[in-house]
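Visitor: Mind assembling these two chains? They're in different frames, but the hints should get you there.
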Amino acid sequence: MNWVNAVIQGMLLGGQYALIACGLSLTFGVMRIVNLAHGDLAVCGAYLGLVLSSALGVPVWITLPLLLPVAFAAGLALQLLLFGRALRHGVLAPVLVTFGLSVMIENLLQVAATSDPRGLPGGSLALASFHITGGITVSWLFLTAFLTACAVLSGLQLLLSHTSWGRKVRATADDVDTARLVGIRVRPLFATVAGIAVATAALAGVFIGTIGTFDPLTGTDVLIFAFEAVVIGGIGSLWGTLVGGVALGVTQVVVGEVNQAYAVLAVNLLFLAVLTVRPGGLFTSRQVLREAAGQGAG
Amino acid sequence: MSEPDVLLEITDLDVFYGDFQALFGVSMSVARGCATALVGANGAGKTTLLRTIAGAQAPSSGFVRYGGSDITAAPPHRRIARGIALVPEGRKLFPSLTVEENIQVGAAAAASPQWPLQRIYDTFPMIARRRRQRASTLSGGEQQAVAIARALAAGPSLLLLDEISLGLAPVVVEGLYETLSGLRSAGATLVLVEQDLRRAMDACDNLVCLLEGRVALAAAVADVTRDQVVAAYFGEGRS
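So the sequence lines, in the order shown, correspond to chains A and B.
All the letters of the first sequence, read from the start, carry residue numbers 1 to 298 under the working numbering.
All the letters of the second sequence, read from the start, carry residue numbers 1 to 239 under the working numbering.
Pulled out of the complex, with its shape left as it was, chain B reads as follows (with noise of 0.2 Å):
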């Protein structure tokens, strides 16, 4: 049923937080070679959608099939393994540990050697200079860049994003969604969360727009209005 260049399938997907479900029945699917935004208001299940393709949350019901098997139960390390690299928000770099070091352990569960570190550091070459420095001295953007560089050094075929803008400055989000664009065009795939609509609905192919832990609008970026997903964000027109 699944056509052959869906790379990511989710279907009916409820998860819960203890009592507190987060999402429900949610499906979408991410076709190879494709960029998906996932866009929708503060608490709206778009963090919770990611970390459950990570594995990093169990989902109670419903199915996550990535490449033609099912996923559903893998751990993240067996994820990681098949190409599924998450971007956490909040960068969640190891603060201890050097720049280089929080790359090399990116790699520890490599799907491929596609990203050696020199590589990365030719990708970025702001953190290039600072590959010796502890990672908790960085500033912000650099971080970003890291925790980009840590998820890439597990060699990704399906890259997960988790709000990489926030809290920088528009110039340095410029320069990571260049950054993005480099990859999509060595053939990538990304879903990313992303709270600027123009910059989601310019960087990205598909957009699925979550309300209130539900699927309010999965289009092709090409057939909707930025009204009509503004609409969908808020959850305007719904009886």
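In isolation and in its complexed conformation, chain A is listed as follows (with noise of 0.2 Å):
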């Protein structure tokens, strides 16, 4: 009955992973920005909630409405201010300026709220759990963080497929210079893509603070977690996210049943070798990898 357990709560795990991966998947997707303060950002979120559920005397899911859209308008203006301008100047620049906003944000929060180690208040839902059967107890919060992962992957995946929003993304990720052509306007587009990337990682920052603690330096360990997530699923795909997610979840508890000490290492052992056995990704088409070629024997 361990093992059973130790999937399903690694498959809840994994959910959180897949939470904070999935902003990380869509801005290397569309903008082909590999965000390295994607981690920060979502560390940046639980201290905002930190902020707001103690000014409020609130339990910090009540502060959602408030915290998510100004993670959206964070995530505007990096976009508008900073990684679009970098984004002008090659492929190199980007890393760059998203490395130092890391190593910015990190310093920062250091300056403002020490690195004491904090937690978010969660209310009655951070205790609470129930028995599926004898030794299988699942907690509210880590299966609410599951659903919440796979509601947002889905409400992505739908404005993807089916608003013109989405289709206009798509292309502009298929061919930027040919977006422009027929009329996308590639600012703004990648604005909102941005906004929406920032508040699913504010997101995932208050479920991270909520189940476990953070501390100013929190985001790199989160950003590797989600960087692995999104290469094991295949860059660009979402589902292939969860799944990425997942499947570190699943190895770092499974692994940590027998010994804790090799959980994170088995993780990390995993994405090693899924890299070298499939380097797109496992949910990686045969043809975006054809056309990866293409581009970059052209």
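Relax, there's no trap hidden among the hints.
Pairwise CB distance ranges, derived in the manner of DEER restraints:
no., chain 1, residue 1, chain 2, residue 2, range
1, B, ARG198, A, THR276, 53 to 59 Å
2, A, ILE132, B, MET126, 55 to 61 Å
3, B, ARG32, A, ALA151, 52 to 58 Å
4, A, HIS162, B, MET126, 24 to 30 Å
5, B, GLN195, A, LEU64, 57 to 63 Å
6, B, GLY68, A, LEU56, 55 to 61 Å
7, B, PRO125, A, ALA273, 48 to 54 Å
8, B, ALA58, A, THR276, 43 to 49 Å
9, A, SER154, B, PRO125, 34 to 40 Å
10, A, SER164, B, ARG32, 28 to 34 Å
Just a few of them, taken from the derived set where beta-carbon distance is under 10 Å, the chain A residues facing chain B:
no., residue
11, SER164
12, LYS168
13, ASP174
It is worth saying that the hints were derived from the structure and are not from the lab.
Where is the CB? At the ideal position from N, CA and C, for every residue including glycine.
Guide: Spelled out as structure tokens, the structure:
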């Protein structure tokens, strides 16, 4: 029963990874920006949740209608003022800019909030759990995080597949020059994508802060897991990102069941193995790979 | 100074790619309802000129006037909203989008709703059957038809077509040109780049020949012989 439990807990943990990773997947898939500050932006979301919930004296969930629009606006501003400018100077510039942003956020947080670990008040949900059978207990909080991840990914997928906005995003991801030529306004479009990415990061940050603790440097660890989930799942595939996150979570918990010391190592080995066997990730179609190869050659 | 029926007027256009100058003081004007063929050897600047009219390339000097107003600095989406649409060289469809989605994206900044999906499908029955397929799975001729359909979806008054016959079977090209003549009789203004001189002269009223980034010849098709055009094409008779 321990193994079944480990797999279930791992899947739920994987949902959290996927929630963090989907914004990273979106920014890379559409704008070709590897946002190295993504994890730090998630942690900023957690700190913002902390500030808002203590100011208002409510559980952090109640602050989400305020927190998510603020995060969305921050994403808009970052894209318009920072990432968009960096993109005009080749592929390396955005990497340097987001790395710099990551360092700045971590240090500013240390100055403003000290390096003490914090947690977010999750209200009654934080401690509640239910039994399925025998030894298997599921935390409502973990389940909520998992279901939220599924809902966010489904929502994004629906937006991308069935709205005019989504069509424009996919067209721009295919070919940004031609997108401009057919009349798509790329700057505002990229800004909304970045806004959504940062809002999902902030939402993930709130779950991180409620489930565990966070400090100004948590973002780096968060980024690595999110990045691995994106790569395992296949770049640009949102459902792949969920599978990637779940694969990471299950590996981590199942190996942790054997020996906790090897849990994170196992996750990184899984990442390395997938990269070796299927460098494009599990869910990247052959067509996408062919096109990527064609672009590389041309 | 510009006559009332002039839709597009280009004056002294210089265009650079970095240090390389592609166009040198190019001027031309296109009357409303006319078809203009843009001919010239490879590298003569035809594609650059079309892209500059569409707003994809910024000139370092000179003016582009359209419908009486200066659009030299306008971004592509503004030009599309005013009725300029480009069918780019090499088709440039969005490979991961379906045929219908490609056309819908073309309508995103549409100038007018004169080309709803149904009218497009009536004009191009071959792509109506493939509307749910990804654009990358289509044949070359079908892709070219989708590229034209995507430009039409923007409801253009001025349609720029860059080498639509490139790499296609003659019978397919024939079909595309029949569609163009249909568009012409519906009142569209066309500027088209075409390698096949005979076809270009058959399909158009006016002809502009570029040579190494300069206008070598600009005339009504009726006023020039094929030999004169060929001479301009190769730069013969220059001192």
